[in-house]
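There are 4 protein chains.
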Amino acid sequence: MIAVGDLTAVKQALRAQRIETPSWAYANSGTRFKVFPQPGVPRTPEEKIADAATVHRFTGVAPSVALHIPWDKVDDYGALTAFARDLGIEIGAINTNVFQDEDYKLGSVTNPDAGIRRKATDHLLEAISIMDATGSRDLKLWFSDGINYPGQDDIRDRQDRLAVALKETYDRLGDHQRMLLEYKLFEPAFYATDVPDWGTSYAHCIELGEKATVCIDTGHHAPGTNIEFIVAFLLRAGKLGAFDFNSRFYADDDLMVGAADPFQLFRIMYEIVRGDALDPAYGIAFMLDQCHNIEAKIPAIIRSVMNVQEATAKALLVDRDALRTAQQAGDVLAANAVLMDAYNTDVRPLLAELREDSGLDPDPVAAYHRSGYQEKIVAERAGGTQAGWGA
Amino acid sequence: MIAVGDLTAVKQALRAQRIETPSWAYANSGTRFKVFPQPGVPRTPEEKIADAATVHRFTGVAPSVALHIPWDKVDDYGALTAFARDLGIEIGAINTNVFQDEDYKLGSVTNPDAGIRRKATDHLLEAISIMDATGSRDLKLWFSDGINYPGQDDIRDRQDRLAVALKETYDRLGDHQRMLLEYKLFEPAFYATDVPDWGTSYAHCIELGEKATVCIDTGHHAPGTNIEFIVAFLLRAGKLGAFDFNSRFYADDDLMVGAADPFQLFRIMYEIVRGDALDPAYGIAFMLDQCHNIEAKIPAIIRSVMNVQEATAKALLVDRDALRTAQQAGDVLAANAVLMDAYNTDVRPLLAELREDSGLDPDPVAAYHRSGYQEKIVAERAGGTQAGWGA
Amino acid sequence: MIAVGDLTAVKQALRAQRIETPSWAYANSGTRFKVFPQPGVPRTPEEKIADAATVHRFTGVAPSVALHIPWDKVDDYGALTAFARDLGIEIGAINTNVFQDEDYKLGSVTNPDAGIRRKATDHLLEAISIMDATGSRDLKLWFSDGINYPGQDDIRDRQDRLAVALKETYDRLGDHQRMLLEYKLFEPAFYATDVPDWGTSYAHCIELGEKATVCIDTGHHAPGTNIEFIVAFLLRAGKLGAFDFNSRFYADDDLMVGAADPFQLFRIMYEIVRGDALDPAYGIAFMLDQCHNIEAKIPAIIRSVMNVQEATAKALLVDRDALRTAQQAGDVLAANAVLMDAYNTDVRPLLAELREDSGLDPDPVAAYHRSGYQEKIVAERAGGTQAGWGA
Amino acid sequence: MIAVGDLTAVKQALRAQRIETPSWAYANSGTRFKVFPQPGVPRTPEEKIADAATVHRFTGVAPSVALHIPWDKVDDYGALTAFARDLGIEIGAINTNVFQDEDYKLGSVTNPDAGIRRKATDHLLEAISIMDATGSRDLKLWFSDGINYPGQDDIRDRQDRLAVALKETYDRLGDHQRMLLEYKLFEPAFYATDVPDWGTSYAHCIELGEKATVCIDTGHHAPGTNIEFIVAFLLRAGKLGAFDFNSRFYADDDLMVGAADPFQLFRIMYEIVRGDALDPAYGIAFMLDQCHNIEAKIPAIIRSVMNVQEATAKALLVDRDALRTAQQAGDVLAANAVLMDAYNTDVRPLLAELREDSGLDPDPVAAYHRSGYQEKIVAERAGGTQAGWGA
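Chains as they are written, first to last, in my numbering: chain A, 330 to 720; chain B, 330 to 720; chain C, 330 to 720; chain D, 330 to 720.
Derived by calculation from the structure, the hints in this document are not laboratory data.
Hints are not guaranteed to be accurate.
Chain copies aren't distinguished; within one or between two, either way the pair holds.
Claimed, not checked - Below, in silico cross-link-like pairs of lysine-lysine (DSSO-like), each with a Cα-Cα straight-line distance of 27 Å or less:
#1 K434 to K705
#2 K402 to K363
#3 K363 to K434
#4 K496 to K568
#5 K363 to K448
#6 K540 to K568
All figures in this text were calculated on a predicted structure; none of them were measured in a lab.
Whole structure, please, built from the sequences with the hints as guidance.
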């Protein structure tokens, strides 16, 4: 019941799609109440990369892995990069961490203490060196900086400090490197976050220059926020750099993308398709950023990748000519129906077919379970310390 | 128990404070379920202006009234301005209305129909002519434009259309005229609003130029939004042009400012004080935008003006030296306590004294009730059609 | 790709499904900003009933229409009932209106004034007389009662008054009559609503007796509320009496059910199926309560009925044995996948087939458009006053 | 500027007020991102009790401490109780913990596994034994139970399991023991919580009997929820047993009570006063439940106690006769003004006087800082393992 004719173009777009998985999603994670460790969880960056490569092996569209420093700190990043390449994947975005050192209790780059700001900024610069070593294109900045109580610190001074650190970091970027500035409404700061919304990130990126773009984490908004509007707006402005995909029912729940509101994910991917921004050449990094606290990690990531694929396939199936005609005619119901027709289509057979064409199993989760990989890592990864957030 | 020494400066700042009241708040208003008319409600722009002048007479800090076109349409704006001046007040912001014509069912300046966009833009230009005639400085733009259903119209195309209309309108502004671009999360559009948040307004204002600034309506945000952050951010960027004050528990409830969360209003006014932006010379228009659906209108507006004054007085009483010291020392509790000390101060005696110094009654609401004005308008305004939103 | 074998039972359940449409959804409606009238809108209760019968004619599952008093007040309810039957539908729930009289400005059954409470309660009793005359089973009570400002009235006294009015009304119910008590977080009251949540409605219903049950309006909750939990809880307690279906992105937007979050509608219908409560014999009234402010009304209602059908079909397709097995095994991903498999199924062919089996057009919206009914009502319903909320 | 005459009664009520502090608030806490340890934090239940006694010493109104099992597990609860008494305080509520054992990953009393449910229920019963040994009256139950994904488990089955565990626990309660059932919208479960709202807790408590009552944690609601309505409703129904006080801007932020919305705290305390439920004899347990992640713990708790006192003093100062008169007259603004007059009063001098009358320092925070206690615990509590949540 596929609505449009040009299935060839749809398939081609789906084949070209790329989704990056995050090293930390393979490690233990939890809530402030409890971390439930899982057997087989990686103990080293290499083991995380091996898991990411496994996800790519079964899905065919996840050929890079984002690193998080210092969680993925190693002595030799060149060797790590080579290790990844041997397994068939690349090093993706380098994520910085300026929230887990005692010094950062009251902020990192926005801390009232100049020495702590220096230390935090140095970490950001160090991350660029790691980008140099790994060939990574994207520096992803998320700041937990903020305040818990009114009056705790000066909101505006903190913006000044933020601007200074961003500028110094930006200036250090190489020609082919970019800065992705993430925003988040709250948590861990509970009253005011220093980069709380897309407007703040956008304003700083405009100030910095063209190598700075906004990263949208789909779980970082106030209730009722229309995320696809932000996508459309930033695409129009040429300032959308990346997604951190996940899903949420309430706060930053970090559940599997598409699990809470698959229709929202479809609407987001529709704006991507409408903006001709799906192709990797456009430059948007489509990344997952999730925490599989109670569900099996690798299968959860495989499923998440598939959820993005399914939403994308539906978005590609929207009959854009019919949509435009109905929109221009002011026919509210007809226009909505065109969108819903695509959404209501079952695209799983199409994606299964596409996988088979590429020599993949049509059901990546089942294939993973049959593969023995899970049993292997449970057996091999006994002893040592499981990786985790180290909070 | 006033915390800081320089009461003279505090009083001076309070004396200089200006709050604009909206003509439509004196008229009938309601919800989609029912408009409850009140006796004595104005029937003409002149009667609205008379009510606004009355509020100024009792409060001493509300010397201007915002108009709303076409609700306040008259043949001779020069005469209307003179009428106002004779009553001791000025014409403030000119508010446009591109949401109550049948043509605007699917949008005004963002409508898919070019003819309707033309008509809407012409209305905006007409409002500037009214500014010319009244000497008004500010053109306030709020667009109800948006869509109710996913797919109904193209989100990004609508931004293009919006930009065109804003540009044409901006270019028509005279040397001493400004554009205030308001944003609103939702209502009357229920899925996507074309200017939903401060980021969207800010981005368009940056594009337009220095005469375009953001207007913050305190009731137009998603739950959990930190409004004082936005205030601080826009002040830093030089892009905060105006407030539409009101309060809300849930959606855009348009209750009396300070009625729902007086602590939030204090935090907002603190950012204004901290940014040295309270003085009328700074250029921010502090306006009310409220709907007194069930409470008596003029006393409600007097009370709202007083609520802003009280929040401002508390903000002025913050011991900024002590605050800075505690902030720099990273003493979370001490810094918060400095702010709370000011907030917990009872500033009503200070404001009463200030009023008496200016020859006003220390209790404006009681003085209004004693004045006989209410009885007079109830008697005089019999017959005719009461003013209202005309929805 | 239908997951379970017993399609016969699925089809039978879908054939037995009943969805009630509301008379007022065929009339004009709007926001507080503007009501956009539509050509062809009914001017009388009879014309509304004719539209409802038309929706039933094309969908086959909407054989009753809810009335709203006084919007649908007539002299002879027996004649109105006969009129409906002649068109093939029944009179459904009787909805009361104690929010549009001047007297109800500060409340109806919870008003501080005993005389107004009496008047409001008398209206509720009158509605039962109308039930007697029409054979309607359900009295649906929604109270706009509440307060806009803290202190405006005593929250607890208002509960006492509410309890008194409910008791008197309940005691008047005949043997085969029921009371449905709706709740709503806010609007038109902006600070405290007298029946704001399911807990309040439930507690009153428990107190009243078995003929009183809770009515869930899917648009009446705080952000983040898990509605399907409430469904499951009330089914377990035997206290779920009815739904008012619609959808929302933010407040009580009253959009077409399934338009904003089709996955949520599916989860709600799954709890209905899981609780064996879909069958009309169980006694739950599945009603629409929507406002088609900008979209064509009859097609919007047809589409809404179809959306409920599609969600129901998916819910019926859940492989409950597989689900239970995965749940018992604690296999989070497998359990979620069973649910998602049903949700991701395209059930439109199944429903089209079902309609054809029943002699209906497989595409009710298209059939309606081809039928000429819209052109007919536009032509015939010229002159007179269009029905609306009369706010 | 105190509004009412009977200051004697106000002072007496404030003198009789009791606020319980939680042992875990003296220990380390944090977010999922990081726990920032503080010097001087207790290492044992005894050290926590010593801190609680210190708070009581400076405030005079915090004579009991809530325990959390197993965080406060000791061999000899009689000895622990005697230790507390020697320091001048009692053991308050016993809090259970069925969320930090590996077994509870998918739930405790609602787990699909019967053996795990047995283990969890046994823990609840064990807590009653600790109540027997300590003389504690209240068993406080908070269940983190819930599910992260739709379909993960059967929502309704979980209610059945919950009811069974509650019943067994309830039946074990002694004559003078009570059960307090807390509810929470979300976290750590991200899709559906088994006791998400007051309605669920209330319904179970009604079922259980008169010894079961609802505990309101002020941070556990959906955005926009009117907490004082719930207070008023539960008082009317005789089912309000306790508060867990804290404050929040967004999710369950666990900030100092009164820090985020002091007006809300006042409105809550007003309903308590209006319901004559402030007196300890009434039986409501007023407890703090906070996490001082970045601020100094003991001063934060002292400040929190003072915030509750200030809100209570303001609530007691409401001129209830004037309020009732205005409410009965339907004078919205006058009624609101009566409430606001009390709220706007600076009650700090009154509370300072009251403290001095009782031989306390008028400024408990300053007195604490001067006391040397902080320096003493920092010095003495070197070595060992600091207490914390142990997540």
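Right, here's what the structure says about each hint:
For the homomeric pair K434 and K705, the shortest alpha-carbon distance between copies (23 Å) is at most 27 Å, but the shortest distance inside one copy (40 Å) is not. Both within a single protomer and between protomers do K402 and K363 lie at most 27 Å apart by alpha-carbon distance, with minima of 25 Å and 19 Å respectively. In the homo-oligomer, the alpha carbons of K363 and K434 lie at most 27 Å apart both inside one protomer (21 Å) and across protomers (9 Å), since each shortest distance falls under that limit. Taking CA atoms no more than 27 Å apart as the test, K496 paired with K568 passes in both settings, with 17 Å inside one copy and 21 Å between copies.
Only between protomers do K363 and K448 lie at most 27 Å apart by alpha-carbon distance; the minimum there is 18 Å, versus 30 Å within a single protomer. With identical chains, the CA atoms of K540 and K568 are at most 27 Å apart both within one copy (9 Å) and between copies (24 Å).
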